[in-house]
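Respectively, the protein sequence lines represent chains A and B.
18 is the number of the first residue of the first sequence in my numbering; add one for each residue after it.
18 is the number of the first residue of the second sequence in my numbering; add one for each residue after it.
What the hints contain is simulated information worked out from the structure, not anything from laboratory work.
Where hints are given, some of them may not hold.
No copy labels: a pair is met if it fits in one copy or bridges any two.
[Said to hold, decoys possible] Cut-off 25 angstroms, straight-line C-alpha distance, at most; resulting in silico cross-link-like pairs (SDA-like, lysine to any residue):
(1) 244 <-> 65
(2) 326 <-> 178
(3) 143 <-> 104
(4) 390 <-> 96
(5) 396 <-> 179
(6) 201 <-> 390
(7) 390 <-> 401
(8) 244 <-> 53
(9) 396 <-> 183
(10) 330 <-> 177
(11) 143 <-> 359
(12) 55 <-> 176
There are 2 protein chains.
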Amino acid sequence: MRLPLLTLALLTFALGFTQSEDEKQLRAIYDAALTQSKAYDWLNHLSNQIGGRLSGSVQAQQAIEYTRDQLDSLGLDRVWLQPVMVPKWVRGTPEFAYIETKPGRTTNVPICALGGSVATPDIGLKAQVIEVTGIEELEALGQEKIQGKIVFYNRPMDPTSISTFRSYSGCVDQRYSGAAEAGKYGAAGVIVRSMNLRLDDYPHTGSMSYGDTPVEKRIPAAAISTKGAELLSTTLKLNPEIKFFFKQNCKQYPDVQSYNVIGEIRGSEFPNEIMVVGGHLDSWDLGDGSHDDGAGCVQSMEVLHLFKKIGYKPKRTLRVVLFMNEENGLRGGNKYAEVAKSKKENHVFALESDAGGFTPRGFSFDTDEANFKQVQSWKSLFEPYLIHLFVKGGSGADIGPLKDENLVLAGLRPDSQRYFDHHHAENDTFEHVNKRELELGAATMTSLVYLIDKYGTVQPTKIKG
Amino acid sequence: MRLPLLTLALLTFALGFTQSEDEKQLRAIYDAALTQSKAYDWLNHLSNQIGGRLSGSVQAQQAIEYTRDQLDSLGLDRVWLQPVMVPKWVRGTPEFAYIETKPGRTTNVPICALGGSVATPDIGLKAQVIEVTGIEELEALGQEKIQGKIVFYNRPMDPTSISTFRSYSGCVDQRYSGAAEAGKYGAAGVIVRSMNLRLDDYPHTGSMSYGDTPVEKRIPAAAISTKGAELLSTTLKLNPEIKFFFKQNCKQYPDVQSYNVIGEIRGSEFPNEIMVVGGHLDSWDLGDGSHDDGAGCVQSMEVLHLFKKIGYKPKRTLRVVLFMNEENGLRGGNKYAEVAKSKKENHVFALESDAGGFTPRGFSFDTDEANFKQVQSWKSLFEPYLIHLFVKGGSGADIGPLKDENLVLAGLRPDSQRYFDHHHAENDTFEHVNKRELELGAATMTSLVYLIDKYGTVQPTKIKG
Chain A
18 MRLPLLTLAL
28 LTFALGFTQS
38 EDEKQLRAIY
48 DAALTQSKAY
58 DWLNHLSNQI
68 GGRLSGSVQA
78 QQAIEYTRDQ
88 LDSLGLDRVW
98 LQPVMVPKWV
108 RGTPEFAYIE
118 TKPGRTTNVP
128 ICALGGSVAT
138 PDIGLKAQVI
148 EVTGIEELEA
158 LGQEKIQGKI
168 VFYNRPMDPT
178 SISTFRSYSG
188 CVDQRYSGAA
198 EAGKYGAAGV
208 IVRSMNLRLD
218 DYPHTGSMSY
228 GDTPVEKRIP
238 AAAISTKGAE
248 LLSTTLKLNP
258 EIKFFFKQNC
268 KQYPDVQSYN
278 VIGEIRGSEF
288 PNEIMVVGGH
298 LDSWDLGDGS
308 HDDGAGCVQS
318 MEVLHLFKKI
328 GYKPKRTLRV
338 VLFMNEENGL
348 RGGNKYAEVA
358 KSKKENHVFA
368 LESDAGGFTP
378 RGFSFDTDEA
388 NFKQVQSWKS
398 LFEPYLIHLF
408 VKGGSGADIG
418 PLKDENLVLA
428 GLRPDSQRYF
438 DHHHAENDTF
448 EHVNKRELEL
458 GAATMTSLVY
468 LIDKYGTVQP
478 TKIKG
Chain B
18 MRLPLLTLAL
28 LTFALGFTQS
38 EDEKQLRAIY
48 DAALTQSKAY
58 DWLNHLSNQI
68 GGRLSGSVQA
78 QQAIEYTRDQ
88 LDSLGLDRVW
98 LQPVMVPKWV
108 RGTPEFAYIE
118 TKPGRTTNVP
128 ICALGGSVAT
138 PDIGLKAQVI
148 EVTGIEELEA
158 LGQEKIQGKI
168 VFYNRPMDPT
178 SISTFRSYSG
188 CVDQRYSGAA
198 EAGKYGAAGV
208 IVRSMNLRLD
218 DYPHTGSMSY
228 GDTPVEKRIP
238 AAAISTKGAE
248 LLSTTLKLNP
258 EIKFFFKQNC
268 KQYPDVQSYN
278 VIGEIRGSEF
288 PNEIMVVGGH
298 LDSWDLGDGS
308 HDDGAGCVQS
318 MEVLHLFKKI
328 GYKPKRTLRV
338 VLFMNEENGL
348 RGGNKYAEVA
358 KSKKENHVFA
368 LESDAGGFTP
378 RGFSFDTDEA
388 NFKQVQSWKS
398 LFEPYLIHLF
408 VKGGSGADIG
418 PLKDENLVLA
428 GLRPDSQRYF
438 DHHHAENDTF
448 EHVNKRELEL
458 GAATMTSLVY
468 LIDKYGTVQP
478 TKIKG
């Protein structure tokens, strides 16, 4: 029994020693984040000096230039723009909608066009409404009951999920595919209940797709605020014959030139092992995109800034990538992966922050068992910072295309309770981001990157270096 | 080896079965909280129909009547008011202050009187300022440098603590004792930097004490907003001779009659074992007291409401206590404990929510090792709800006076990052409370009470029942 005990003691000593060094580094990272971070000032500029950054917009281009300049000022080894063509969809004049209970008796309700939708006719679209709680109801109703009507998708987000992202996943098919599916039955248009757990007056936009629907068969789609949806549903119960009017003149233009913004600190020992941290620089156009995903961008930039501040030189190459066009195309994420593959770059780790700038709770990992075990072994290091969530799951949309078996993918998981109060809506604005929460997220990301850099990932098929 | 294994298997089966029943109950509690809670509506009324509820005010009395009526409507076994005399301090007309760099050249700054402070002279108080970062500096400065001046306490909250309550503890002596201590050196008044981690324009009030300072020697004390403090400090660095003016006409009146509001479900098996859940019904007067502590009150009421909703009849007696006068006297908490002791009531558990209505993270326990072990054994039950914090520490001010060795004391621990943005300030208002976060807090409290009720506490010295 003596030898194993001794071994154990030595191991404990060795682990204890390493632990203590890591503990110090994490403390230094959190201290620097809470006292010297630039993230909140950067976000202030992106949100309040630039604003919503829809792909192809002037604001998106301003954000590219601003973040490139800020990365330049950090003294990184290299900062560059990666060209990518992006779709350009323009909302046009503010949308307008009302419920008509009888001719001349109308009640206005707040709507917004879904991203990618076609316009209504110039004079608007007025039709009877058929309410459903999901796409699967369309078949039973059939063309007869749908033809010429507006399909109103009114399945609310499930309030009982603790993760609001799960509630979102359970509803978002209505928004994404609702128009394409209703169009098959001759619907004139669709109105979708906003993906929002609160009852309020903000319509929430978001991407939708017509799939392979020919251009001439595409029907307009708009989101209605949750209070508007409740009113419309109640009104329909009282009188199924009422009509709904909406008017929007959004338009899809040809693709335009845009860029991913990339900054890099070259690894001192394993420069060919690349670690990516990122968020997406584009946003929807209704708010200023502070939570989605200005927060993720500035937190990712902050990872490199914090390494500079604490004087930590990564052994592996660390890149921040601000992806363009996550919201309505994912062109930036696809382009980055395409270039990485064509250059045979060896990406070992990618971390995205795209779930809001709220208090961080942990990470979700898309990786194999060996790497998941390794990150779980670091859990106690994060305990003093109340970071407790280390789960398997998705990572981030933009880094997804990089996926291969040698790559550890991760997503920051902030507290999700307030996220969909703001998501894709006019109230996704700077004042709803708390400075400390934003900084704690950046520190949490930096800490994970530090540990990955120090210990490396477990690579089953490739040789490191 | 077979017997132990079999025993283990049986134990696992037995535990598994119990676990599963508890899992179901917790799921039922959270589901009910997220779909049928009254907490948010109650808080809406307390905040927006009544408002700030300073002890002895009309609003405090309205809150007593409103919450008693609401508890009455829940079908509890008993609802009553427990008389308690409370101090009555009145702010008077809005305070006014400016920095005077030279005669006639002034800059207004936001201040508010500290709770319990005396007024300035009717014409206000103008004097030179001496800035310190803590009470401990006074002695070195001595009477010579302090006499006739305004002492400006400007030690900021430490931004590097992950728990903002720890940062608060590290500063609050300036507010609580600053005037009494500066008065000993002949200061004319004190100005205290607001206990706020943000830089903004809200002064934060809070309690202070003159200790045994005779009435005629008491000097006025006010809080200045953090931005005001920064301005004053910078101005002093440029010119130490500048003067500060402030005027406040707050006043202490004789004590008045008030009440704790109490509701009870009588235990079906052990009615003499009493479990308390509570918050404090009084608040400061600047905001509407939504986070401090309207949230804690409605969450505590909600515990009883949720038991009714899921049809759970507690074996032990469950009381909700809405304590009066936590903020400036703790008279309600002291009175409740006094009456409990005089009636020889057997309190086994008390849980307070008084740290804001933010996303719950867990609990802090003031108890012995045996009971702490028991609550820790329930940790995995809370994991699906992202409740991870089970630590030893303080509980709540109002339940503190109940403390004895048979009592398990606990405090709900919500996320603390935003709390001091609002604490005791004009912006502690309803719109800063998120409905789901409030409800999750109530569900978390209810779950703990359910487990305590089901398994009992470990009582070393008394016989249960």
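Tell me, in ascending order, the numbers of any earlier hints that this structure violates.
3, 4, 6, 11
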